[in-house]
Amino acid sequence: MTDIKKGPVSGSKPAAHVTIADRRQFLIGSAGLLGAATLGLGTGLGVRRARAQSRAEISFASAAFFGKETFGDLIKAFNESQDRVLVKNIELPPPSSSTEVYQGLVQQLARRTGTPDVFSQDVIWIAGFAAAGWALPLDEYFPADKRSAYFTGTLNACTYDGKLTALPWFMDSGMFYYRKDVLEKHGGKVPENWADMATIAAAAQKAGDVDFGYLWQGKQAEVLVCDAVEIITSNNGAILAPDGKSSLINQKAAVDAIQFLHDTINGTKISPQDVLSWDEEPSRQPFTSGKAMFMRNWSYVYPIAQDAKASQVVDKVGVAPLPAFPGGKRSACLGGYQLGVNANSKQREAAIELLTWLSSTETQHRIALNFGLAPTRPALFQDEKIKTEQPFMASLEKVFTGATARPITPEYAKVTLALQSGISKALVSGNVQAEMDALAAQINQIVG
Amino acid sequence: MTAAATVSGIGRPRLGKALPGAVWALLLLTPAFVSLASVSFYPIVNGLYLSLTNTSLITQENEFSGFSNYVQLWGDAQFWNAWWHTMWFTTASTILETAIGLGMALILCEAFKGRGLVRAAMLVPWAMPTVVTSKMFSWLFDGQNGIINYILLHAGLIDQNVNWYGSPDTAMTTIIIADVWKTTPFMALLLLTGLQTVPNSLIEAARMDGAKGWITFWYIRLPLLMPTLLIAGLFRALDAFRVFDLVYVLTGGGPADSTETLSTLSYKVLFSTLQFGYGSAVSTAMFVTEGIIALVFCLYLIRLIRRAQ
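Which chain is which? The protein sequence lines are A and B, in order.
Position in the first sequence (from 1) plus 1000 gives the number in our numbering.
Position in the second sequence (from 1) plus 1323 gives the number in our numbering.
Some hints could be false.
[What the hints assert, rightly or not] One-sided excerpt, in silico: chain A residues whose CB lies under 7 Å from chain B: (1) Ser-1097; (2) Thr-1099; (3) Val-1106; (4) Ala-1110; (5) Arg-1112; (6) Thr-1115; (7) Gly-1128; (8) Gln-1220; (9) Gln-1273; (10) Leu-1276; (11) Ala-1413; (12) Lys-1414; (13) Leu-1417; (14) Ser-1424; (15) Lys-1425; (16) Val-1428.
Because the hints were derived from the structure by calculation, they are not lab data.
Cβ atoms here follow ideal geometry from the backbone N, Cα and C, with glycine treated the same way.
Generate coordinates for the entire structure from the input sequences, incorporating the hints supplied.
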């Protein structure tokens, strides 16, 4: 309670000034909708200022996503929806500049000043922020019964050292794209294991239906780690042991999985050698121009594939969970931004209120419709409005069920660089076991 | 107020007389010194200091750790891998650019129709932002649809598409080609100005003595061009050593670390993993290597000038 009073004393004037200007704009913008808007603007100013001063002021920082609206609009809506908390939006660079977003967040959090109070973070940063003590453990605010409303894989990614330090917000994952028309010719059944996939792809390639059987991303970059996580998990393997203190990447399950990727180029020859220098876009282009049968990629490809101006395969593309090895689980590498509360926030209650609102069913619904970002609550995939407006997204529930986090360790930034280099070496040289042994030793040194 | 004004009014000329010339000079140099120190000297010293600490934004450590970063660096295979790639890139691109640039300069030195236009057009690649060059080369050398593969395939020089950026054997070569294309005009320009300082009378005298083109070049132009050549080579080598944007855009250091250079490595260590201490050690090692390269060039240049005297 004291901090709620303290807030306005220290910084009410500039903040209140900004807010009123913002609100005025908002009110003018939506004057047509709000019958009482003009009245509010004319007579309500004094009242609003007084009210603003009794509100807890917090800040929210996030990478900037765009759609039919921005996160700034979202925050405005929250400010309008209640009169206890007033949120200032801090806009970070867009997610494509994720290294810059990361730096910006780390710099602010490391100051331990409590700004930003609430932030959004890429799934791979969660462990690092938690280990540094910057992210507030959320267990007491979100007990088990509240958590069951989210995908399990996402919750795992939000948990570090047994504590929930982030709240699921929106997600993406790797998925299996296939050409319906070509598949029809070759059995018509979406392959559920990798061996079947390779056989069908080779057959289609041999028959001349497509140039490439299977496209994936082998460039020495973050996406290679995602491709590796998926295929290793689908063989019941893992990159890190459950305790996160040692590497399992030189175990048979992982080695066989990486060997399979190597074989797609050199053995079964269902992938061109070019995948070794391809990240998402270069691999997407041959697929949407109709040259490939199967592809692993993120959800952004689907709208492009359905756009007649950019695609030769409109209405011919289907999406399924990626195949698995016999006895393995079909997995999808988890991406997306999750919410966190600054452990040094002086306005904890207010921060939790914003957090709860942002991750609520209603807000996730709004984000799904206005930004095209998929919800982390499985229930929303049954929502009628989402089903009609974002039918593709609604079909992804099965894919997201297999969502798997990348290695959860505070040293992720170092681990991923080692993984990118080691897996790239294995794929290029073909000495998978030897390279994985060297890589495991290197990772053990980082996390041990 | 008036008193103060008079005092200072009288005081000023006296002060000028009282101060010796050297002090005045130093006083006037102070602004330049302060600005240089703050933008150049301080960052270098701070970088050196950081390299002796274990500073990391993630672990929040910030303690003096002596030379432990350098010990780690000495045993770091990634670092030496990047170091050799950078040296190879620097050597290959500098030699190629100097040789081709010299050829271009010799042609542009001759009088022919449209020379002004050619001289201007020649500079276009150099004027282009490197990121644009990178994107252009990524299309030219694309493994599937690249025009280079198309030409080579139809000329019968290769029997299947080469995956230029996806194979460790060709990735670095391709990056060197891109750099040569971009920076040769700069070398040509520097060498052209050098060539123009060679007195025409010397060349005419040689011709009268019956010297042919090659002899004139080898015994008159080249020796006189040597200092320019070395200085241009030094500029180019130091610049090439810092190669970043081409690698960052084209390969990101892959495949299998085959194009990792010191700049991309230090960027990854500094800004992806936020290990400012160790990253600064990598940068310092770069700085030292560049210093050695510059030293070698300068010693050779000094020897050359002494011999000429």
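Each hint tested on the structure:
1. Using the Cβ-Cβ criterion of 7 Å, the hint placing Ser-1097(A) at the interface with chain B is not satisfied: the shortest such distance is roughly 11 Å.
2. Given hint, Thr-1099(A) at the interface with chain B, holds; its Cβ is 6 Å from that chain's nearest Cβ, closer than 7 Å.
3. Taken as an interface hint, Val-1106(A) checks out: its beta carbon lies about 5 Å from the nearest beta carbon of chain B, inside 7 Å.
4. Against a cut-off of 7 Å between C-beta atoms, the interface hint on Ala-1110(A) holds, since the closest Cβ of chain B lies about 6 Å away.
5. For Arg-1112(A), the shortest C-beta to C-beta distance to chain B is roughly 9 Å, which exceeds 7 Å, and the interface hint is violated.
6. Checking Thr-1115(A) against chain B by beta carbon gives a least distance of about 16 Å; that is not within 7 Å, so the hint is violated.
7. Against a cut-off of 7 Å between C-beta atoms, the interface hint on Gly-1128(A) holds, since the closest Cβ of chain B lies about 6 Å away.
8. Annotation: Gln-1220(A) was flagged as interfacial toward chain B, and the flag holds, the nearest CB pair being 2 Å apart, inside 7 Å.
9. The interface hint given for Gln-1273(A) holds, since its Cβ lies 4 Å from the closest Cβ of chain B, which is under the 7 Å cut-off.
10. A cut of 7 Å between beta carbons decides the hint on Leu-1276(A): the least distance to chain B is about 4 Å, and the hint holds.
11. Proximity of Ala-1413(A) to chain B holds as hinted, the smallest CB-CB distance being about 4 Å (cut-off 7 Å).
12. Of the supplied interface hints, the one on Lys-1414(A) holds, with its beta-carbon coming within about 5 Å of a beta-carbon of chain B, less than 7 Å.
13. Taken as an interface hint, Leu-1417(A) checks out: its beta carbon lies about 6 Å from the nearest beta carbon of chain B, inside 7 Å.
14. Hint status for Ser-1424(A) relative to chain B: holds, with the closest Cβ pair at about 5 Å, below 7 Å.
15. About 4 Å separates the beta-carbon of Lys-1425(A) from the nearest beta-carbon of chain B, less than 7 Å, and the hint is met.
16. A distance limit of 7 Å between C-beta atoms decides the matter here; for Val-1428(A) the minimum to chain B is near 4 Å, and the interface restraint holds.
Taken one by one, the earlier hints fail for this structure at numbers 1, 5 and 6, listed in ascending order.
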